[in-house]
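Peer 1: Below are the chains, spelled out letter by letter.
Protein chains: 2
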Amino acid sequence: MTTLNSDLEQAFRSHLKKISSYEQAISLLNWDSRTGAPKKGMDERADVSGTMATELFKIKTSDETAKYLHAVLGHQGTDVSATSKQAAAELKKEYDRMTKIPEDEFQEYSILTAKSENVWEEAKEADDFAMFAPYLEKIVDFSRRFAEHWGYESHPYNALLEDYEPGMTVEKLDAIFAKVREGLIPLVEGVTSSDKKPETDFLFSTFPKDKQRAFSLDVLKQMTYDFEAGRLDETVHPFAIGLNPNDVRVTTKYDESDFRTAVFGTIHEGGHALYEQNIGEELAGTILSDGASMGIHESQSLFWENFVGRHPKFWEKNYELLQTYAPDQFTGVSLHDFYRAINEAKPSLIRIEADELTYCLHIILRYEMEKQLIEGSLKVKDLPRVWNEKMQEYLGVIPPSNAKGVLQDVHWAFGAFGYFPSYALGYIYAAQLKAAMDKDLPAFDELVEKGDLKPIREWMTKNIHQYGRSRTPIELIKEATGEDINPDYLLQYLSEKYKDLYQFS
Amino acid sequence: MTTLNSDLEQAFRSHLKKISSYEQAISLLNWDSRTGAPKKGMDERADVSGTMATELFKIKTSDETAKYLHAVLGHQGTDVSATSKQAAAELKKEYDRMTKIPEDEFQEYSILTAKSENVWEEAKEADDFAMFAPYLEKIVDFSRRFAEHWGYESHPYNALLEDYEPGMTVEKLDAIFAKVREGLIPLVEGVTSSDKKPETDFLFSTFPKDKQRAFSLDVLKQMTYDFEAGRLDETVHPFAIGLNPNDVRVTTKYDESDFRTAVFGTIHEGGHALYEQNIGEELAGTILSDGASMGIHESQSLFWENFVGRHPKFWEKNYELLQTYAPDQFTGVSLHDFYRAINEAKPSLIRIEADELTYCLHIILRYEMEKQLIEGSLKVKDLPRVWNEKMQEYLGVIPPSNAKGVLQDVHWAFGAFGYFPSYALGYIYAAQLKAAMDKDLPAFDELVEKGDLKPIREWMTKNIHQYGRSRTPIELIKEATGEDINPDYLLQYLSEKYKDLYQFS
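Residue numbers (full-length UniProt numbering), protein chains in the order written: chain A, 1 to 505; chain B, 1 to 505.
Rather than coming from a laboratory, the hints here were simulated on the basis of the structure.
Take these hints with a grain of salt, some might be off.
As the list claims (entries may be wrong) - Mimicking DSBU-like on lysine-lysine, the simulated pairs with C-alpha atoms at most 35 Å apart in a straight line are:
#1 B:K221 x A:K253
#2 B:K40 x A:K92
#3 B:K346 x A:K18
#4 B:K346 x B:K196
#5 B:K346 x A:K17
#6 B:K346 x A:K221
#7 B:K196 x A:K209
Said to hold, decoys possible - Short derived list, chain B residues pointing at chain A, Cβ under 7 Å:
#8 N30
#9 S33
#10 T35
#11 K40
#12 A46
#13 V48
We put the CB at the ideal spot given by N, CA and C, even for glycine.
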């Protein structure tokens, strides 16, 4: 534990603890609503969550917070710790963002996004983009105005990015994503035109839910997920949630006709959970006890899902175990055929169902449209057309409906502009971290084959987890890999893997 | 829904909603801690719950609350509803109680009781009353001082009773409990000296946990517990908890070598839950959406546990169903033998394991000691001796240790003086309500035999549940049964039942 040097520091830490308590209560309400809370209680639950969020907002933007920020950040001398100063700096960022939006504007926006989520749902159901368009137009307007309130250099989208991936800019993303896009398109074409496609029929036999759960628990244990500081529950839309490093919960979804949903979903959320379980203790109770960014968080889930969970050696270890839970399903299916099946790649319409190879293209096309919406060079009404054109250009598929195209995701309906790039950045970070890890752990393949995943997790803890939000994404990646963000590792990995799997060159 | 007549009323209702939101968040934290929250997160959880409780305390005792109470209670005219006025009156009681204790005294007391719970646990473990005595002495002193702060008529214990059973007094309790004690002692002697004791060996076969759960769910369904507004979970110390009428959760405990724990525990907690699920909608979000008192709450759980769950007709309906879950356990055991076994009565040491017949004596002996501690006529150091003397006098058993005697319960360690009487009052109310119900529902036995428990639950909803905390216990009982609290119904019920079961006169 950190020694708290002064009365000021102690008082500030108490204030941070209060903020953390509200955040933990909100997280628990959220977890409960999304796992097993009684259906009929959901209306009142929304009120309770709303009240708690409002109270937290009030505390974060209070005069008391301002007073602490002023005192801690202005403090000269050594009797306030570096951690407290950093926590103050992070809280200051939130304070500034929250207080720069005029109250009536924020309220109007909150009402709008609450409504627009329902409208989006109906519009998707009815495949009616025009129904959603007026709401989306207003949300885009608000986002543009918020960017002006917050301020930015060179491009308004940069102001929005700051919420999800601090330090990331349109200039950097344009360069990175262009490279990824150009690298991926020929690979996707290679896979599409290959005549060496895997057999996948055997994936879809009935795999009982309780057996899937048992296997999921086995895999989480191998990953060194700490069950004394967590638990596994069922949900419709899987997520991991950390109340504090000693209480980090994983949820998963069981599809009895496709065991991959639960298995890879659990590994993915388990990756998020390992991050939160291993944030340094000295950050506990401060705003720094959190992930560094959306992209860094996603790098952890994707690392475990793809670089461990889809690794051939992982299944040398686990294929037999899987078969003990579904003895008949894999009769006559060799390990190699199994491995090829679970690594199948093919262009598809829905982002969340996309495979490892095509996923980034789904993200990039959204990024391009988001950026243009925010800069004003694309109108909401043109979205469906542009969406479909890009889908054809990047993935070679055309959505048969807007429900399966531009309306598929809820993010825009709650105003999350600037969020999507993190998903692709996570892939890029994950591959780059894997390449750096290989230098320190040349026996990576052996460790995975033995199921000895602890050294792998420890490498991540040493280089990423422990720092929580006390370092920026840029610092973390630079320190861990020796260079700035570099998409070459991802492209190289995917190129080797898929040329081999689909035998093209 | 109530129409809110005025700006004042609307603002006051919002304030009550805020209070309710905190209470619901605290309830969820509590439910989670006691069901499946990760072990390692418990320290931080205590901080979070503590913060939320402190914040709620601040709101309830705030100038804002005072302002609303003054405005609503002082309001003349019809544009503030009766419900709001009543809610204000109830909140005023809490406000007065909370603000009458000087802040430093309350803080000292909070620290003391937090510590003393741990000391009590160690003392019980070590069977060392002297270790706990100094803490208990201080807690008694505080309780006496609180009684002075709060004010009372005739006896300081009356001030403490007000927290749990408003309107109840030492004068009434002395008369009621003397009657119960004198009525029960000969019945207990009759049972003890009877040579017609039931066989009970077959109760203790292994009954798998998942089968107990399945049966518990069946029984809750029969009771008309609404699973869309609730759920059943496992815990160490069973409880029911209502966040709001649309989210009321039951917990139970499974002992594989004694299925009665889960079955009767679930029915008991289910009784509490039915109460909370059926509180009138117009009270939702106000302080009145709660049980009327501890005793009234307990009357509901005990009514379902004993007057329904231990009724011979209940098992005519359910014995076969029970056997489908444990086919071998009851081979050759007739329904009558089964019924006698689950209604076994014998004096025992531990209150929470006591049967229907002897339970009230456990409560009465505590009440007598509590009252004397508070009035100053009994010293803490004499408790073990007096405890054992009374156990021998009332139940004919002498605790072999203080751990199994005076140290058995945690209540005193957290200062809950005035709480115990509610447990016995619950029995008395339950029997009295049952007698009144028989007049309206002469077909009670038939309904139970058919498993048609809805009319029974509806009678309770009509007479008790719907009113929540908008009526006092005294009003509820008077209105529902036509008379004041009367222990004769309980004595008559127990006398008939146990003379028949144990064949004495």
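Peer 1: For each hint, tell me whether it holds in the structure or not.
Peer 2: Comparing the hints with the structure gives:
Under the criterion of a C-alpha separation no larger than 35 Å, the hint pairing B:K221 with A:K253 is consistent with the structure, at around 27 Å. The suggested pairing of B:K40 with A:K92 holds, with an alpha-carbon distance near 31 Å, which does not exceed 35 Å. Taken as a hint, the B:K346 and A:K18 pair is broken in the structure, with Cα atoms around 51 Å apart against an allowance of 35 Å. Between the alpha carbons of B:K346 and B:K196 the distance comes to roughly 12 Å, so the proposed pair stays at or under 35 Å and holds.
Between B:K346 and A:K17, the direct Cα distance comes to roughly 51 Å. Violation of the 35 Å bound is thereby established for this hinted pair. Taking the CA atoms of B:K346 and A:K221, the gap is about 48 Å. The hint is violated against a cut of 35 Å. Using a Cα cut-off of 35 Å, the hinted pair B:K196 and A:K209 is violated, with the two alpha carbons roughly 50 Å apart. A least Cβ separation of about 11 Å between B:N30 and chain A goes past the 7 Å threshold, and the interface hint is therefore violated.
Residue-level restraint check for B:S33 is violated (minimum Cβ-Cβ distance to chain A is 10 Å; threshold 7 Å). At a threshold of 7 Å, the smallest CB-CB gap from B:T35 to chain A is about 10 Å, leaving the interface hint violated. With a cut of 7 Å, the hint placing B:K40 at the interface with chain A holds, because the nearest CB-to-CB distance is about 4 Å. For B:A46, the suggested interface contact is broken, since its CB lies about 11 Å from the closest CB of chain A, more than 7 Å.
Look at B:V48: its Cβ gets to within about 4 Å of chain A, closer than 7 Å, so that hint holds up.
The structure fails to meet hints 3, 5, 6, 7, 8, 9, 10 and 12 from the earlier list, while all remaining hints are met.
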